[in-house]
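These are the residues of each chain, in order.
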Amino acid sequence: MIYTEAGQFSIRYSHDRRIFRLRQDRIGITALLLFAFAAVPLLGNDYWFSAILIPLLVLSLAGLGLNLLTGYAGQLSLGSAAFMAVGAFATYNFQLRVPGLPLLASMALGGVMAAGVALLFGLPSLRIKGFYLLVSTLAAQFFVEWFFTKFGWFSNNSASGVISAPPLLILGHDFSNPVGRYLLTLAVVVVVTALARNLVKSELGRNWMAVRDMDTAAAVIGIPLLRTKLLAFAISGFILGVAGALWAFTYLGTVEPHGFDLARSFQILFIIIIGGMGSILGNFLGAAFIVLFPVLLSQLSGSLLSGVIDAGQLENLQKIIFGVLIIAFLIKEPDGLARLWQIARERARVWPLRY
Amino acid sequence: MSASPHISNSNSKGSAPLLRLEHISLSFKGVKAVTDISFDVAEGAITALIGPNGAGKSSLLNVINGVYQAQHGSITFDGEVRRHMHPHHAAVRGIARTFQNIALFKGMSVLDNVLTGRNLKRRSSWLEQALRIGRAPGEDDAQRRHAEKVIEFLHIQPWRNSVVGKLPYGLQKRVELARALAAEPRLLLLDEPMAGMNAEEKQEMSSFIADVNREFGTTVVLIEHDIGVVMQLADHVIVLDYGKKIGDGTPDDVRNNPDVIAAYLGTRH
Amino acid sequence: MGFFLEVLAGGLLAGVMYSLVAIGFVLIYKASGVFNFAQGAMVLFAALTFVSLLERGVPFWLSFVITLLAMVALALLIERAVLRPLVNRPPITLFMATLGLSYVIEGAAQALWGAQVHGLDLGIKDEPFEFAGLLLSQFDLFAAATAAVLVTTLSLLFSKTRIGLSLRAVADDPLAALAIGIRLQRIWAVVWAVAGFVGLVAGLLWGARLGVQFSLSLIVLKALPVLIIGGFTSIGGAIVGGLIIGASEKLAEVYIGPLIGGGIENWFPYVLALLFLLVRPAGLFGERAIERV
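Protein sequence lines correspond, in order, to chains A, B and C.
Here the first sequence is numbered in this note's numbering, starting from -2 and rising by one per residue.
Here the second sequence is numbered in this note's numbering, starting from 1305 and rising by one per residue.
Here the third sequence is numbered in this note's numbering, starting from 2 and rising by one per residue.
Just chain A, with the same shape it has in the complex (with noise of 0.2 angstroms):
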């Protein structure tokens, strides 16, 4: 009976409004904070930053860009890797180009680049629906790749498109080494998380999901359709290419285009599949889920089937049990983990009773 609502009472609407309403969930968060920001810091080694924790965080950020797009405003993309690219690749020039300018305030307007580019393919939206709507974000895809790697100014010039961190130095703290760039990496996904729970639960947030479940409907109650959906690109975009930035520059250090390919693409819609659509806890299961499942099963046929299956082999295998679990949470849990993890939170709340 600790999770419990009785006696929780909404007195006011604003707390309705708040974004976590049950006390238990309230303190449940903060102890999570705390715990990421205090103790994980002193608890971890460079590996499990580096290698897990890092790249978890850029992808559920990365995800919960999608996850707005898609699962609340019902927009289809397989562009998301490009405006990634955008906000990795403005953010390094800002940086490059105006002495001065704080890293905070460079990755703030890569992001504000990148919602300029989704706005820009996310135009079609208006006229074009559903599959064909793929097209527009593909070609964003195909065209960023392609431009990045082309012209070589956006990379100073180096070969290949390569683009490598800046110092990472926040009000003369630098936060190069591991620990600083997971603290860094948390700190940005926890504010724009926040920020992002806040939008969905408003009237944009509600637009969206109008927008989604039936335009015409939406249209007629007086939604403006262009305005919303292009928010949603913009917004979308705005949160990707901040992941973006933060998956070169916290995570990898270094990046060429081609690290923003089709395949990001999908890897960040695969974790919204998984995570839940429509879910903000969504992103953080599923990204989990993506960094965390390679590791586990290479980690199992270490030891049980060494020898026995190659690198190669291990790959295929990985690739298959990927796309059966798609195939299987479309199927049986087309919400996602968020929607377990939802079944169990009710199931704790009338515990020991069964309903």
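Simulated from the structure, these hints should not be mistaken for laboratory data.
Nothing here was measured: the structure is a model prediction, and the numbers come from that model.
Here a beta-carbon is modelled for each residue, glycine too, at the ideal position from N, C-alpha and C.
Treat the hints with care, as some may be off.
[What the hints assert, rightly or not] Here are the computed distance ranges between Cβ atoms for each label pair:
no., chain 1, residue 1, chain 2, residue 2, range
1, C, 237, B, 1380, 39 to 49 angstroms
2, A, 9, B, 1384, 39 to 49 angstroms
3, B, 1384, A, 149, 56 to 66 angstroms
4, B, 1393, A, 126, 42 to 52 angstroms
5, B, 1357, C, 86, 27 to 37 angstroms
6, C, 59, A, 260, 32 to 42 angstroms
7, B, 1452, A, 22, 21 to 31 angstroms
8, C, 219, A, 153, 29 to 39 angstroms
9, A, 12, B, 1470, 19 to 29 angstroms
[Said to hold, decoys possible] List time: in silico DSBU-like cross-link candidates among lysine-lysine, alpha-carbon distance up to 30 angstroms:
no., chain 1, residue 1, chain 2, residue 2
10, B, 1548, B, 1506
11, A, 329, A, 198
12, B, 1470, B, 1425
13, B, 1425, B, 1453
14, B, 1410, B, 1470
15, B, 1453, B, 1410
16, B, 1333, B, 1470
17, B, 1336, B, 1548
18, C, 31, B, 1336
19, C, 31, A, 316
20, B, 1425, A, 198
21, A, 316, A, 329
22, A, 329, A, 126
23, C, 161, B, 1410
24, B, 1470, B, 1506
25, A, 316, A, 198
26, B, 1425, A, 126
27, A, 329, B, 1410
28, B, 1453, B, 1506
29, A, 198, B, 1470
30, B, 1425, B, 1410
31, B, 1333, A, 126
32, B, 1410, A, 198
33, B, 1470, A, 126
34, B, 1506, B, 1410
35, A, 126, B, 1336
36, B, 1453, A, 198
37, A, 126, B, 1410
38, C, 31, B, 1333
39, B, 1470, A, 329
40, C, 31, C, 161
Given chain A's structure and the hints, the job is docking chains B and C onto it.
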């Protein structure tokens, strides 16, 4: 033009008409859905559109709020003459509607559905709302208060937080009406609000419609097949058949109109 | 002018190759409303199976038959494991399921047959010859002829046979088709098997051209703009779309490419398709449905 002599019948309440359709014709790829329809809807009245299936009733509602664009004719709403309505403009001018096949946002809760109906009453920007600063918090409270009033009016409080897609049909119809009412419309278009309901539910829905009309002064245009309900509810009845208007007047006029009787009993065809 | 025509002809013939992949899409979309992203993976699977059998000493025709049987088995499996459980789900869900499917098929193909590049010789020389003053590729002409035969066969199949009639009924109105006793599942299995066959033909031609390797599954990305231009539901549209994409891509490569640094073939078809869409949102031959509310 044969139908136009009836055009001014509806001004029974004495004021200028809120809505006037003139010579509306609509066709899809050459197939005529509606031919040369004209009629007036008086402010504050309940007008019923009746006629057999395929008579063009839904198409006409779609023309009124701009989901379809008629090839000919004009629409005058509250003194403003337009060739075409546009859905957004219709909503801004205060036209709300429900659909024949419920068009709710199925993945959202009842409360959220009703709140979407109030989206035009917002002044704060999305950024203020995301950051919960400026005008947003106070406005959120005001919108919520109003939505709760509508929810209470239609007796759907117990389902406030339920996901709409999982509610029974009759309740969904009521939620859809709630969403339309949340916009505080001047003109409410209802496409078969009582379809598929049993007698008791129909009775309940008719009294909601009558209450809306009486308490808020909302003008109502509704499509309904149940003649009993129509005669009880409507001040003004328009009869369509094969896309043409064959009757227009008070319920009693229409009841005694030989064309209407023929269309309904099938002697003409 | 001669050069222009040569580029144009080369492009048109290359476009036929795109059409071959697009036809497989159209079949499946018509019958089951599924936008099958796994079509490319099916092409890869077919080509890889065929060439691996060939390399193990199995005669050409036997390899062809065995591969065809494998494609039919794959179709039955997909119908059972993916389509049937997902019936009545939104198209977007089915599309994402085919993304998963393409992972499974690609992984399985490479797990079975390895990831190395295989050469495939169909016995047609890929050397240019002169025709009416233009240098044309013999191989491309062969591909075009194959496509013509394939399209004719398919049209006959769908216009003259019972199964073809059922297919058109299903495409027109699945519920009505169901009501008059057409078995949806059987139609789906047949159509996916036919799409597998088309995939096999496309796989052989593309494999002979590029070598049989993983990148074959990426030709699905070439077929998408073709479909957009031709419309998702018309085989004729797939052909015309393929020709338009093929020709304009080559012309753009030759005439616009040098101005902006080349390598534009990846995105150019998409931009072209996008421009088409803005003018005709349902493609050249697709029908725009009237939204009923």
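Evaluation of the provided hints:
no. : hint                               : result
1   : C:237 / B:1380: 39 to 49 angstroms : holds, 47 angstroms
2   : A:9 / B:1384: 39 to 49 angstroms   : holds, 41 angstroms
3   : B:1384 / A:149: 56 to 66 angstroms : holds, 57 angstroms
4   : B:1393 / A:126: 42 to 52 angstroms : violated, 22 angstroms
5   : B:1357 / C:86: 27 to 37 angstroms  : holds, 36 angstroms
6   : C:59 / A:260: 32 to 42 angstroms   : holds, 34 angstroms
7   : B:1452 / A:22: 21 to 31 angstroms  : holds, 24 angstroms
8   : C:219 / A:153: 29 to 39 angstroms  : holds, 30 angstroms
9   : A:12 / B:1470: 19 to 29 angstroms  : holds, 26 angstroms
10  : B:1548 / B:1506                    : holds, 28 angstroms
11  : A:329 / A:198                      : holds, 27 angstroms
12  : B:1470 / B:1425                    : holds, 28 angstroms
13  : B:1425 / B:1453                    : holds, 15 angstroms
14  : B:1410 / B:1470                    : holds, 8 angstroms
15  : B:1453 / B:1410                    : holds, 22 angstroms
16  : B:1333 / B:1470                    : violated, 37 angstroms
17  : B:1336 / B:1548                    : holds, 10 angstroms
18  : C:31 / B:1336                      : holds, 29 angstroms
19  : C:31 / A:316                       : holds, 29 angstroms
20  : B:1425 / A:198                     : holds, 17 angstroms
21  : A:316 / A:329                      : holds, 20 angstroms
22  : A:329 / A:126                      : holds, 26 angstroms
23  : C:161 / B:1410                     : violated, 43 angstroms
24  : B:1470 / B:1506                    : holds, 21 angstroms
25  : A:316 / A:198                      : violated, 36 angstroms
26  : B:1425 / A:126                     : holds, 28 angstroms
27  : A:329 / B:1410                     : holds, 20 angstroms
28  : B:1453 / B:1506                    : holds, 22 angstroms
29  : A:198 / B:1470                     : holds, 21 angstroms
30  : B:1425 / B:1410                    : holds, 22 angstroms
31  : B:1333 / A:126                     : holds, 22 angstroms
32  : B:1410 / A:198                     : holds, 16 angstroms
33  : B:1470 / A:126                     : holds, 26 angstroms
34  : B:1506 / B:1410                    : holds, 23 angstroms
35  : A:126 / B:1336                     : holds, 27 angstroms
36  : B:1453 / A:198                     : holds, 20 angstroms
37  : A:126 / B:1410                     : holds, 19 angstroms
38  : C:31 / B:1333                      : holds, 23 angstroms
39  : B:1470 / A:329                     : holds, 18 angstroms
40  : C:31 / C:161                       : holds, 17 angstroms
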